Amino acid sequence: MELTGAEIIWECLLQEGVEVVYGYPGGAILPTYDALSKYEDRIKHVLVRHEQGATHMADGYARITGKVGVAMATSGPGATNMVTGIATAMMDSVPIVCITGQVPSGVLGSDAFQETDITGITIPITKHNFLVTDVRQIAPVMRKAFHIARTGRPGPVLVDITKDAQNQKTEFVYPTEPLRMPGYVPASAATPDQIERAMELLKSAERPLILAGHGVNMSGAERALLELAERAQIPVALTLLGKGAMPESHPLCLGMMGMHGAAAVNQAIQGADLLLAFGMRFDDRVTGNLRTYSPNSRKIHIDIDASELNKNVKVDVGIAGDLRTVLEQMLPHVPTLSHAAWLGEIRNWQEDTDERDIIHYVAPTDKLYAAHAIRDLWEATGGDAIVVTDVGQHQMWTAQYYLNQRPRSLITSGGLGTMGFGFPAAIGVKMGSPNDTVWAIVGDGGFQMTLCELATAAQENVNVNIAIMNNAYLGMVRQWQEFFYEERYNATPMHNPDFVKLAEAYGIPARRVSRREEIADAVAWAQSINGPTLVEFQVEKADIVYPMVPAGADLDKMIRRPSAPNLPDWSENH
Amino acid sequence: MKHTLVALVENEPGVLNRVASLFRRRNFNIDSLTVGRTEDPNVSRMTIVLDSSVARVDQVQKNLYKLVNVIQVDEVTHQPFVSRDLALIKVRASAEAAWIASQFGARIIDHREDMMILDLSDEESRVEQFIEALRPHGIIELVRTGVVAMGQGSHTVQAAPQFA
Chain S
1 MELTGAEIIW ECLLQEGVEV VYGYPGGAIL PTYDALSKYE DRIKHVLVRH
51 EQGATHMADG YARITGKVGV AMATSGPGAT NMVTGIATAM MDSVPIVCIT
101 GQVPSGVLGS DAFQETDITG ITIPITKHNF LVTDVRQIAP VMRKAFHIAR
151 TGRPGPVLVD ITKDAQNQKT EFVYPTEPLR MPGYVPASAA TPDQIERAME
201 LLKSAERPLI LAGHGVNMSG AERALLELAE RAQIPVALTL LGKGAMPESH
251 PLCLGMMGMH GAAAVNQAIQ GADLLLAFGM RFDDRVTGNL RTYSPNSRKI
301 HIDIDASELN KNVKVDVGIA GDLRTVLEQM LPHVPTLSHA AWLGEIRNWQ
351 EDTDERDIIH YVAPTDKLYA AHAIRDLWEA TGGDAIVVTD VGQHQMWTAQ
401 YYLNQRPRSL ITSGGLGTMG FGFPAAIGVK MGSPNDTVWA IVGDGGFQMT
451 LCELATAAQE NVNVNIAIMN NAYLGMVRQW QEFFYEERYN ATPMHNPDFV
501 KLAEAYGIPA RRVSRREEIA DAVAWAQSIN GPTLVEFQVE KADIVYPMVP
551 AGADLDKMIR RPSAPNLPDW SENH
Chain D
1 MKHTLVALVE NEPGVLNRVA SLFRRRNFNI DSLTVGRTED PNVSRMTIVL
51 DSSVARVDQV QKNLYKLVNV IQVDEVTHQP FVSRDLALIK VRASAEAAWI
101 ASQFGARIID HREDMMILDL SDEESRVEQF IEALRPHGII ELVRTGVVAM
151 GQGSHTVQAA PQFA
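Protein chains in written order, with our numbering: chain S, 1 to 574; chain D, 1 to 164.
Just so you know, these hints were derived from the structure itself, not from any lab.
Quantities reported herein were computed from a predicted structural model and do not represent experimental measurements.
Hints are supplied without guarantee of correctness; some may be wrong.
Stated by the list, open to error - Derived DMTMM-like pairs: lysine to aspartate or glutamate, alpha-carbon spacing no greater than 25 Å straight-line:
#, chain 1, residue 1, chain 2, residue 2
1, S, Lys314, D, Glu75
2, D, Lys66, S, Glu486
3, S, Lys541, S, Glu460
4, D, Lys2, D, Asp74
5, S, Lys314, D, Asp58
All chains, please: the whole structure from these sequences, using the hints.
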């Protein structure tokens, strides 16, 4: 059947199982929006308020479902507004496909109205991208785009389609023959020799430690990880994006590592004699100073991306492969082991960590600490909500105090650290997983970067609950200023709008909480409403995320929570 | 140490841009990069010369493989190979320059208006020696193609037939 390029785009999306597209129309993508009326019964289009929001929504949808998220925009400014969202997805290996309209092929390169070289711009921040100028190329390119986005190490793919290609007609047949991509061969499994060498290291280790990253969640390796850890009695440390890889209530699960990880976890990394790094990439936020990182350990590294092996940390056994496949190859060779002395040593560190934890501090009733608010939110939701965070102090407190029992239950921008990610991503998360309770935990700074999506949430009546940790500061930057810039708080105090009134202006019910005893009620209230809600938590202005490894410092040289200055009543109440 | 990589890439628009962008982004310093056609019209061939550690070259290879359009990457420095760099050098015509050219096996491919263009295709180090020998006589204009390389004997860098 002869179809226009615009119709073919929607047909391809249907073929790829796409349920929802987040987008914003404009001149160069108008033919595709015109064709939407033929398809809107089978595919949902969500009108965002800014194209960055579309990419974050597609990203959130992809992270929660494991499917490919789709965002659509016009040429020029529409496309460039997607750049931050694309880079966010790239850094965290999230499969999204972005479709952008482009000026007609006849005027390409002439600086036509709303022309921008978006394929050129996004080369370094996409897994791959395509410029399509011929209607006959649309179907084969769309198929390749989805395949590339979802296979191997997933990532964003951008497809830029000229307006004339959308208008031309051609016979539509969705290709079924094997894809011909000679240069694209994702890693799959380990060799028997690699498994053997890894097992030798495992058997001789006395102080082994597993570092579980995003790859565990993405490859569905949670069961294999749990089995390996339990059988060989190896403790597990999580990266930020690895949270959910193992239930945090499990005795072998130590919690988060890195800059704001638990001190005990970083001490364990530095003291280990074997690191088993599973689907993580030794980011500077988890290693600190590379020269002194885990100095006495041998290292086994499994990652789907061969270029991650030996990139930051030199390893003894590097295996490029799908984590779940490799762990399942390993399991038959994993012996029953016990590391009682090592686990005991870690327990002592944990007790010391625990003693300093703000969670045991009884604050005066007129003070609300964000850490307490988040822990109470955890309790009030039964720990069972999907939490989507923005970036900053609240993100780290969420990682520390909202414990995760299942995979994909924390959605957060790790690699790029994109402020403004949280709220729009939460919209995508809720749409991808409608039966889950979804909370967006955001700061007052980041929320204001993408709060225009309140209109999107209201228009679509997306049942997402927003918790703003409002300290009227860019808190994380303020923290760095306090520690490293002699308390010169330049450009971090914020004069904020009345968030409750703001939400109400969008027709979104909202409440303000300034005392700890109000939290449980506010959470229950928000969750009882079928639609978006907003709860503003007025939290302590000058608060610090502890512990902290200063950037580039040795991993065990942490700034620990002092007993007094920020918490004057600490010693009396503890 | 110098390493010479050969990369077979799909002959599509923008591939050179992707490779160049990768080198810039990852801060890989390259001595030279050449690209040209091959026996297969669907495949172009790049020769990349790097002065880097073995670990760094390993990273370059793995990152090249991450590009969807890169079919195969081989380090030819690992086996016997030949390489050629071509230079065109314009000098003022003189018996001395002509003599130096003859010593290096360079050809005089143009000679008019008191100017000569010398043409030498040889290993990079020989081309550099030639340039140094000419320099005292005054080099007016110089252009080099960068190195191309090929493994000797039965060693080949070819895309598997099913991909061609």
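### Query
Quick one, are Lys314 of chain S and Glu75 of chain D close enough, alpha carbons at most 25 Å?
Since the Cα atoms of Lys314 of chain S and Glu75 of chain D sit roughly 22 Å apart, the hinted pair holds (cutoff 25 Å).
### Task
Quickly compare the C-alpha distance for Lys314 of chain S and Asp58 of chain D to 25 Å and report which way the hint goes.
Holds - the C-alpha atoms of Asp58 of chain D and Lys314 of chain S are around 12 Å apart, at most 25 Å.
#### Entry: Holds or violated: Lys2 of chain D to Asp74 of chain D, with C-alpha atoms at most 25 Å apart
14 Å, holds
### Message
With the threshold set at 25 Å, check whether the alpha-carbon distance from Lys66 of chain D to Glu486 of chain S stays at or below it.
### Response
It is violated: about 44 Å lies between the C-alpha atoms, which goes past 25 Å.
### Query
Straight-line Cα separation of Lys541 of chain S and Glu460 of chain S no greater than 25 Å?
34 Å, violated
Hint compliance for this structure: hints 2, 3 are broken, all remaining hints hold.
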